[in-house]
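Q: With these hints in hand, go ahead and build the complete structure from the sequences.
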Amino acid sequence: EAGVTQFPSHSVIEKGQTVTLRCDPISGHDNLYWYRRVMGKEIKFLLHFVKESKQDESGMPNNRFLAERTGGTYSTLKVQPAELEDSGVYFCASRGTGGRGWPFFGPGTRLTVL
Amino acid sequence: GQQLNQSPQSMFIQEGEDVSMNCTSSSIFNTWLWYKQEPGEGPVLLIALYKAGELTSNGRLTAQFGITRKDSFLNISASIPSDVGIYFCAGQWSGTSGSRLTFGEGTQLTVNP
Chain A
157 EAGVTQFPSH SVIEKGQTVT LRCDPISGHD NLYWYRRVMG KEIKFLLHFV
207 KESKQDESGM PNNRFLAERT GGTYSTLKVQ PAELEDSGVY FCASRGTGGR
257 GWPFFGPGTR LTVL
Chain B
281 GQQLNQSPQS MFIQEGEDVS MNCTSSSIFN TWLWYKQEPG EGPVLLIALY
331 KAGELTSNGR LTAQFGITRK DSFLNISASI PSDVGIYFCA GQWSGTSGSR
381 LTFGEGTQLT VNP
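Residue numbers (the numbering used here), protein chains in the order written: chain A, 157 to 270; chain B, 281 to 393.
Fair warning: there could be bad hints in the mix.
Here are the in silico distance ranges between beta carbons for each label pair [stated by the list, open to error]: (1) P237/A - F292/B: 39 to 49 Å; (2) Q236/A - S337/B: 43 to 53 Å; (3) W373/B - R266/A: 42 to 52 Å; (4) N219/A - S337/B: 42 to 52 Å; (5) K197/A - T390/B: 17 to 27 Å; (6) G227/A - P361/B: 39 to 49 Å; (7) I347/B - G227/A: 15 to 25 Å; (8) W373/B - K210/A: 12 to 22 Å; (9) V194/A - F292/B: 40 to 50 Å; (10) P361/B - K197/A: 38 to 48 Å; (11) W373/B - G184/A: 26 to 36 Å; (12) T161/A - I360/B: 21 to 31 Å.
Under 8 Å between C-beta atoms, here's a sample of chain B residues computed to sit facing chain A [stated by the list, open to error]: (13) L313; (14) G320; (15) A328; (16) A332; (17) G333; (18) L381; (19) F383; (20) E385.
Quick caveat, the hints were computed from the structure, so don't treat them as lab data. This one's a predicted model, so the numbers in the text were calculated from it and none came from an experiment. Don't be surprised by glycine CBs; every beta carbon is placed ideally from N, CA and C.
A: This is the structure:
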């Protein structure tokens, strides 16, 4: 079974540019999460999808961040325009429904804003 | 929001030594988790704890859910070089839905052969 995949693995952009991160969850997982870790800090929750619906987006930093999950499969996270403080590692995680299962994490996308 | 204080931030040990790290919170959590992240990978779940006082082992790893529900520790016995990585504690609070997790800042573990 393939795990959670994320693309790209690294992205270096200039302040003011736009970047789109992609996450492909484990097949059949309805729950999809985005988290972010800025340098040396904790991994912080951004938002949670159940299928194509946003269940909880209370962790999104501001309106420069837009997450979508059209069709309830893969998800994208767009940052527009990017600021220096957006640099960090963006993790996607997915989880099936029911039970005590916990999210499986992808390898992350390392975003550097110059 | 809720915060987890994880310590130490980093550890440098010799192979064969035991390791201990812990997390504390000002808030009560219903579940405590411990994850390990290796370079280029995402966090991988090591141990999940569901009840206050619970002590759970996974090989050389042992973790406990504090009685107050505000803390947890992770011990690694007889460390080996492949234990290198960043260890994160995480908690889930009953006031959040959908398995949303609150993470600590991580403990960077280096094991010298």
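Q: If a hint holds in the structure, say so; if it does not, say that too.
A: Going down the list of hints, with the structure as the test:
| no. | hint | in the structure |
| --- | --- | --- |
| 1 | P237/A - F292/B: 39 to 49 Å | 40 Å, holds |
| 2 | Q236/A - S337/B: 43 to 53 Å | 47 Å, holds |
| 3 | W373/B - R266/A: 42 to 52 Å | 29 Å, violated |
| 4 | N219/A - S337/B: 42 to 52 Å | 46 Å, holds |
| 5 | K197/A - T390/B: 17 to 27 Å | 20 Å, holds |
| 6 | G227/A - P361/B: 39 to 49 Å | 44 Å, holds |
| 7 | I347/B - G227/A: 15 to 25 Å | 46 Å, violated |
| 8 | W373/B - K210/A: 12 to 22 Å | 20 Å, holds |
| 9 | V194/A - F292/B: 40 to 50 Å | 24 Å, violated |
| 10 | P361/B - K197/A: 38 to 48 Å | 27 Å, violated |
| 11 | W373/B - G184/A: 26 to 36 Å | 27 Å, holds |
| 12 | T161/A - I360/B: 21 to 31 Å | 29 Å, holds |
| 13 | L313 | 6 Å, holds |
| 14 | G320 | 6 Å, holds |
| 15 | A328 | 6 Å, holds |
| 16 | A332 | 17 Å, violated |
| 17 | G333 | 18 Å, violated |
| 18 | L381 | 7 Å, holds |
| 19 | F383 | 4 Å, holds |
| 20 | E385 | 5 Å, holds |
Checked against the numbered hints above, the structure violates hints 3, 7, 9, 10, 16 and 17; every other hint is satisfied.
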